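K.L.:
These protein sequences, in sequence, are chains A and B. Under the numbering used here, the first residue of the first sequence is numbered 1, with each subsequent residue one higher. Under the numbering used here, the first residue of the second sequence is numbered 1001, with each subsequent residue one higher.
Just so you know, not all the hints are guaranteed correct.
Unchecked claim - A partial selection of chain B residues facing chain A, derived with a Cβ cut-off under 7 angstroms: (1) Thr1027; (2) Lys1032; (3) Ala1033; (4) Ile1037; (5) Thr1038; (6) Asp1041; (7) Ile1044; (8) Arg1045; (9) Arg1055; (10) Ala1062; (11) Pro1069.
To be verified - Going by beta-carbon spacing under 8 angstroms, a handful of chain A positions derived as facing chain B: (12) Val14; (13) Gly24; (14) Thr27; (15) Ala28; (16) Ala62; (17) Arg63.
Derived by calculation from the structure, the hints in this document are not laboratory data. Just so it is clear, the structure is predicted and the values come from calculations on it, not from any experiment. Ideal Cβ placement from N, Cα and C applies to all residues, glycine included.
2 protein chains.
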Amino acid sequence: MRICFIGDSFVNGVGDDEALGWRGRVTAAALKAGLDITAYDLGIRRNTSADILARWEAEATARLPEGFPHRLLFAFGTNDCADDGRGKPRLTLAQTLANAETILARAKTLAPTLMIGPAPILDDGAADARIAELEAVLGRLCDRLGIPFLPVLDFLQQADAWTQGAARGDGTHPDAGGYALLARHILAWPACRSWLGLDPTTEGHQR
Amino acid sequence: MRICFIGDSFVNGVGDDEALGWRGRVTAAALKAGLDITAYDLGIRRNTSADILARWEAEATARLPEGFPHRLLFAFGTNDCADDGRGKPRLTLAQTLANAETILARAKTLAPTLMIGPAPILDDGAADARIAELEAVLGRLCDRLGIPFLPVLDFLQQADAWTQGAARGDGTHPDAGGYALLARHILAWPACRSWLGLDPTTEGHQR
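Extracted from the complex, chain A is given alone in its bound form (with noise of 0.2 angstroms):
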């Protein structure tokens, strides 16, 4: 199975000194789970939806030969709500979503896909209320095109792991403490693991 993981600095796992990241994390559980799979780290800080939806498909379709299944994972949508250094968005809230359903959109005919919502920028609490207003309009587009979401703005804003790491770095991105965290967070999430092929129950994963 080949697997691309499209998004942001968070994808790549900034802050972490492991270099794993969730996603290294979560790819990691998934082949020491015997899972024959082959994961593509596709995120790029400061990238918004618009700097995606630029990119993902020429990135992914050179990592998705034919003869073997494909999976994509999108996340993103933290950078478009961050400030533009003049106190607005970089990107308007239907400026993400219009590209968020194009990516989205096109993502799903191609493989089974899945969205992580936007990361809290945790010092910055307008832009954060702007992430959280996006979380639940993305929710809805991903429900309306079939794709499982899963919201972790409230999860990572109240996880010390999280925002405590952050707090020791730059302020916003976690270390491999708040990383793991959420790499367990998503590996508990069922849409992930029918999307990877693991077994459905956590407690199975973790024997």
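Place chain B on chain A using the hints.
P.N.:
Just chain B now, with coordinates in the frame of chain A:
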């Protein structure tokens, strides 16, 4: 610093249940040494030099924004020499050399560039003989272009940690132990230490 690691399955780390490969281990070592780097994995399974020529510049430039120091590292050639299913290499030596010159001559105008030579296939002696010939030719090309080149064929063919891992796996790709060995070998290469901005001696790194 933004670094793009561009190449094939060995760059991606296929076979490593830790989801790191040598690339992730080199990145983690640099991060733990306190370097401020963001590393991008642009290794794709089965990619030849022709596949890399077609994609590398668009993928790298999307990851190398202005205002940051950039680094490029290439590692390819094994797939060029692999059997095409009819007893011939997938690309001729002349084709690989032409592709490599086009890639590397452009790369060095964009960022300080390194090249790691092709890894062995191990379970195909005729292909490995072609890889030995290619390694020498790529080394001379890199010399002419002023790009540091690290040959690894003999080192890996003679390393139990590499060959025994491959024998336990698919015959070609090592497991975590083999990648850890190659990561240490690359981290001990003075040209890589200088390129990353690490202490010039491995003793300094290992403290």
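K.L.:
Measuring from the C-beta of A:Gly24 to each C-beta in chain B, is the shortest one below 8 angstroms?
P.N.:
Status holds, d = 5 angstroms.
K.L.:
If you take the shortest Cβ to Cβ gap from B:Asp1041 to chain A, is it below 7 angstroms?
P.N.:
5 angstroms, holds
K.L.:
Hint validation: A:Ala28 versus chain B, beta carbon distance must be below 8 angstroms. Holds or violated?
P.N.:
This interface hint holds because 4 angstroms falls under the 8 angstroms limit.
K.L.:
Take the shortest C-beta to C-beta distance between B:Lys1032 and chain A; is it under 7 angstroms?
P.N.:
Nearest chain A Cβ about 5 angstroms off; hint holds.
K.L.:
Given a cut of 7 angstroms on the nearest C-beta pair, is the interface hint for B:Pro1069 held or broken against chain A?
P.N.:
Since the shortest Cβ distance to chain A is 14 angstroms, the answer is violated.
K.L.:
Let me know if the C-beta of B:Thr1038 comes in closer than 7 angstroms to any C-beta of chain A, holds or violated.
P.N.:
Constraint on B:Thr1038 satisfied, holds at 6 angstroms.
K.L.:
Are B:Arg1055 and chain A close enough, Cβ to Cβ, to be under 7 angstroms, as the hint says?
P.N.:
Given a least distance of 6 angstroms, the restraint on B:Arg1055 holds.
K.L.:
Would the hint on B:Ile1037 be counted as holding, given a Cβ-Cβ threshold of 7 angstroms to chain A?
P.N.:
10 angstroms, violated
K.L.:
B:Thr1027 was flagged as interface toward chain A. Is the shortest Cβ-Cβ separation under 7 angstroms?
P.N.:
Holds: closest Cβ of chain A sits about 4 angstroms from B:Thr1027, inside 7 angstroms.
K.L.:
Holds or violated: is the Cβ of A:Val14 closer than 8 angstroms to a Cβ in chain B?
P.N.:
Cβ of A:Val14 sits 6 angstroms from chain B, so the hint holds.
K.L.:
Taking the closest Cβ pair, is B:Ala1033 under 7 angstroms from chain A?
P.N.:
Interface hint status for B:Ala1033: violated (10 angstroms vs cutoff 7 angstroms).
K.L.:
Under 7 angstroms, Cβ to Cβ, is where B:Arg1045 needs to be relative to chain A, so tell me if that hint holds or is violated.
P.N.:
6 angstroms, holds
Hints 3, 4, 11 from the list above are not met by this structure, while the remaining hints are.
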